[in-house]
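Colleague: For the protein sequence lines, the chains are Y and G, in the order given. Under this note's numbering, the first residue of the first sequence carries the number 1, and numbering increases by one thereafter. Under this note's numbering, the first residue of the second sequence carries the number 1, and numbering increases by one thereafter.
Quick caveat, the hints were computed from the structure, so don't treat them as lab data. Treat each hint with caution, since some may be false.
Just so you know, same-sequence chains aren't split out, so a pair can sit in one copy or run between any two.
Calculated lysine to aspartate or glutamate pairs in the EDC-like style (CA-CA distance at most 20 Å, straight line) [to be verified]:
#1 Lys-288 - Glu-273
#2 Lys-288 - Asp-72
#3 Lys-288 - Glu-183
#4 Lys-288 - Asp-181
Keep in mind it's a predicted model, so treat the numbers as computed, not measured.
2 protein chains.
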Amino acid sequence: MKRASRIAPHPFDEAIALEPRAASADTPSVDSPVEFEGRTHPDYANMVGPFGGITAAQALQAVLQHPQRLGDPVSFTVNFAAGLTDGPFRVEARPVRTNRSTQHWMLTLWQTGADGIDAVMLTATAVTAVRRSTWNAVDEPMPAVSSPNEVLSAPVIDRVRWVGRYDMRLVAGALPLHWDDAEADSLTQMWLRDNPPRPLDYTSLTALADAFFPRIWRRRARMTPIGTVSMTVYYHAGPEELAAVGEDHVLGQARSQSFFNGFFDQSAQLWSEHGHLLATSHQIVYYKE
Amino acid sequence: MKRASRIAPHPFDEAIALEPRAASADTPSVDSPVEFEGRTHPDYANMVGPFGGITAAQALQAVLQHPQRLGDPVSFTVNFAAGLTDGPFRVEARPVRTNRSTQHWMLTLWQTGADGIDAVMLTATAVTAVRRSTWNAVDEPMPAVSSPNEVLSAPVIDRVRWVGRYDMRLVAGALPLHWDDAEADSLTQMWLRDNPPRPLDYTSLTALADAFFPRIWRRRARMTPIGTVSMTVYYHAGPEELAAVGEDHVLGQARSQSFFNGFFDQSAQLWSEHGHLLATSHQIVYYKE
């Protein structure tokens, strides 16, 4: 069989592809919203609907593709108002305030229900900024762990398709071997990269921030139903630092601080192999019982 | 002099008082936005404009006063798009998605400029929820520190008025004695409460999350100009747990993970005196040079 001369696009790039809607694309004046069309991608399917990390990446992509964008992402908060259904969606990115070097964004993502009514599925806010060189420091150094080549590549769970889109190499804090309510800590460390490898950018870094299995599963050793409600990512890297990572693994670490009456938090860090803290991320997750 | 029979309102309650605007108050249908009027309060003035924590509390109050609110705050993200000027503002709270037990909010706060044009000064998103009793755990136990009665009450900085509205009792991680660029860690622990004391609620807890002096001042021992860009608060307490705190101090802890090209992060915890982790909070802060 003859091999295609053109390399097929990476599934991640297929997934985050957005098309500007004609009506909004015609009005590229300053501070005007632009609406994009996208759709869920079968390769990033979760148990029900898509992996939250890919949805977050799709929303951020609307900011990145907006013609009036100023600078690069500094902060991004995405609220999962409802589980997306497989199929198309619309996402609007609106620059509500543009300052000299920072810009503030509000986003809304809708899907049309079986009843023909548009429903809000996701809201988000973002801050982009033109960064300047300053005094820098890292107060959360990368833990001393084995290199990705020394760690076995194995999916932590393989019941859902999106997990196959990541190369996950567990360093510490696996899923329980036995779901026996034997409580443990909530810490997991693993090397992560896209599968197949893909050069790191802001969208894939955002998805990686959500790639940890639910902390409560490890903490409690019980298969508790969960759903992320809100996730924030702070970016501590410019385009040059992301380009320097390329297709290398990044080290991810995640843990919780509180599990209280139906909601637990997760704080995560993502470092480059060379120890640059690329992003810190936080989320609050609904759990049942 | 005869004492007034009626106790004067607490300055915090004066500051967060909002009036629904007539037009929006007439339309209390489901999912309709309600617009409120408020104003900055001189007791919570910062060097320029108001203390960010009081502005965040004012925005959250718009959600709490909305007639269609479902449940209590679980997550709140506030983006400071521009520094408020002293005077009136308008804030709109819009419930964009109401589920069975959770509700998603988008907020915008405007001020009218000297040019007569309304400008977005702040955006926010919030999630409220009806919480149910579940299995609970805390993985960030309160540090072993001296009780508030054993620690001297002293403002960490007193050049700005809002600091006088808090009783701050420093446990660890003071401001540098000498601004000599002698680098240190970024950790501060202190007992905090309103001054005069006021029963804790979601709004005052939100303000407390922003009451730490800038991490970079301690980390770097240099008076670097800063401004918070975005703050997220996760609430790990219901109204009963807040009521149990009453007018007691809460223990606050804050530290940074990354200072990179103009933006540093801060992660904070707030515990009750009895060790209940009431809230975890994160922010990203602009710094100059």
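Colleague: Now, for every hint given, state plainly whether the structure supports it.
Modeller: How the hints compare with the structure:
1. Lys-288 - Glu-273: Intra 36 Å, inter 28 Å, cutoff 20 Å: neither.
2. Lys-288 - Asp-72: Between copies only: 17 Å across, 37 Å inside.
3. Lys-288 - Glu-183: Within one copy only: 17 Å inside, 45 Å across.
4. Lys-288 - Asp-181: within (15 Å within a copy, 49 Å between copies)
The structure is inconsistent with hint 1 alone, although it conforms to all the rest.
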